[in-house]
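**Q** The primary structure of each chain is shown beneath.
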Amino acid sequence: MSSISHCARERGFSPERISEIELATEEALVNVFKYAYPDKIGEVEVTCKWDQEGRLIIEIVDSGVPFDMFSIGEPDTTADISKRKIGGLGIFLIKKLTDDVQYQREGTKNVLSLIVNKNRGRE
Amino acid sequence: MEIGVRKEKNVSIVSVTGRMDAVTAPEFEKSLLELISKGEKKFLVNLAGLEYISSAGLRSILVIAKQSKAGQGEVIFSGLKGPVEEVFKISGFHSIFKIFDSEEAALNQI
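Respectively, the protein sequence lines represent chains A and B. Reminder that position 25 of the first sequence reads as 155 in this note's numbering, one-by-one numbering, no gaps. Reminder that position 19 of the second sequence reads as 1126 in this note's numbering, one-by-one numbering, no gaps.
In short, the hints are calculated from the structure, not lab data. Quantities reported herein were computed from a predicted structural model and do not represent experimental measurements. Cβ atoms here follow ideal geometry from the backbone N, Cα and C, with glycine treated the same way. Just to be clear, a hint being listed does not mean it is correct.
Which stretches of chain B does chain A cover? Using the computed rule of at least three CB atoms under 8 Å from a CB of chain A, they are [stated by the list, open to error]:
| hint | stretch |
| --- | --- |
| 1 | 1158-1172 |
| 2 | 1189-1201 |
Far from chain B, by Cβ distances over 10 Å, these chain A residues were calculated [to be verified]:
| hint | residue |
| --- | --- |
| 3 | Ile134 |
| 4 | Ser149 |
| 5 | Glu156 |
| 6 | Arg185 |
| 7 | Gly237 |
| 8 | Ile245 |
| 9 | Asn247 |
Negatives, chain B to chain A, calculated, CB over 10 Å [to be verified]:
| hint | residue |
| --- | --- |
| 10 | Lys1176 |
| 11 | Ala1212 |
| 12 | Asn1215 |
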């Protein structure tokens, strides 16, 4: 996690944006820990790189069971306490805190890319 | 993460400091569920010292709020700042919970 922050800090991302990136990355990693390897110990690799537009791309790769977070519905953030569903907030936060998310199943690997601009929601 | 609990009148004031994430949130959930099972109904959760919250923390808060509401209780919040306030906003928690700037303001309303 500290290497991701280091990546973003080097390019002048604000501390607030870095903390959002850390949160999105943590949420994605927690999903891998929880779901990717239900019956064995597995690996996850996190790398950061930059695209031509200066956006940070955090790539999270595991060899676990296929998991496409886009298949999970969004929580109803307007429901009241009794009706509000407990789960689904992690994926929701990932989508809200990043500017783009891409998922690909490459052979036996899940490749999740979190793409972030310096400022949320801006080019 | 550290949790402090004190009681003023009939309100349990719970101060949470540090980080509420996948590792620490279960501890928060367990402490408050214990208080609810002992009959406590009104909770003011002061998050002024909380630096970070992830979906695991939000999840635990929803569990507590549902449990408390089922027993005609209530959970309100004070002192949110920085990333914690932002995450509450994004998740729609501002519209389901009463949130106050300070503990004093919250205590006047519960």
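**Q** With d taken as the least Cβ-Cβ distance between Asn247/A and chain B, does d exceed 10 Å?
**A** holds (16 Å)
**Q** Does Gly237/A sit more than 10 Å from chain B, CB to CB?
**A** holds (29 Å)
**Q** Any Cβ of chain A at or closer than 10 Å to Asn1215/B, or is the non-interface label fine?
**A** holds (22 Å)
**Q** Non-interface claim for Lys1176/B: all C-beta distances to chain A beyond 10 Å?
**A** Violated: least Cβ distance 5 Å, not greater than 10 Å.
**Q** Are there three or more residues in the stretch 1158-1172 of chain B whose C-beta lies closer than 8 Å to some C-beta of chain A?
**A** holds (count 9)
**Q** If I take the minimum Cβ distance from Ile245/A to any residue of chain B, is it greater than 10 Å?
**A** For Ile245/A, whose nearest Cβ neighbour in chain B is about 18 Å away, the distance exceeds 10 Å, so it holds.
**Q** Taking 10 Å as the cut and beta carbons as the points, is Ser149/A off the interface with chain B?
**A** About 5 Å separates Ser149/A from the closest Cβ of chain B, which leaves it inside 10 Å; violated.
**Q** Take the stretch 1189-1201 of chain B, compare each residue's beta carbon with every beta carbon of chain A, and decide whether three or more fall closer than 8 Å.
**A** holds (count 7)
**Q** If we take the beta carbon of Ile134/A, is the closest beta carbon in chain B still more than 10 Å away?
**A** holds (15 Å)
**Q** So is Arg185/A really clear of chain B, every C-beta pair being over 10 Å apart?
**A** Per Cβ check, Arg185/A is outside 10 Å of chain B; nearest 20 Å; holds.
**Q** Check the non-interface label on Ala1212/B: least C-beta distance to chain A beyond 10 Å or not.
**A** holds (21 Å)
**Q** Are all beta-carbon distances from Glu156/A to chain B longer than 10 Å?
**A** Non-interface label fails for Glu156/A: nearest chain B Cβ at 6 Å, not farther than 10 Å.
Consistency with the previously given hints fails for numbers 4, 5 and 10, ordered from lowest to highest.
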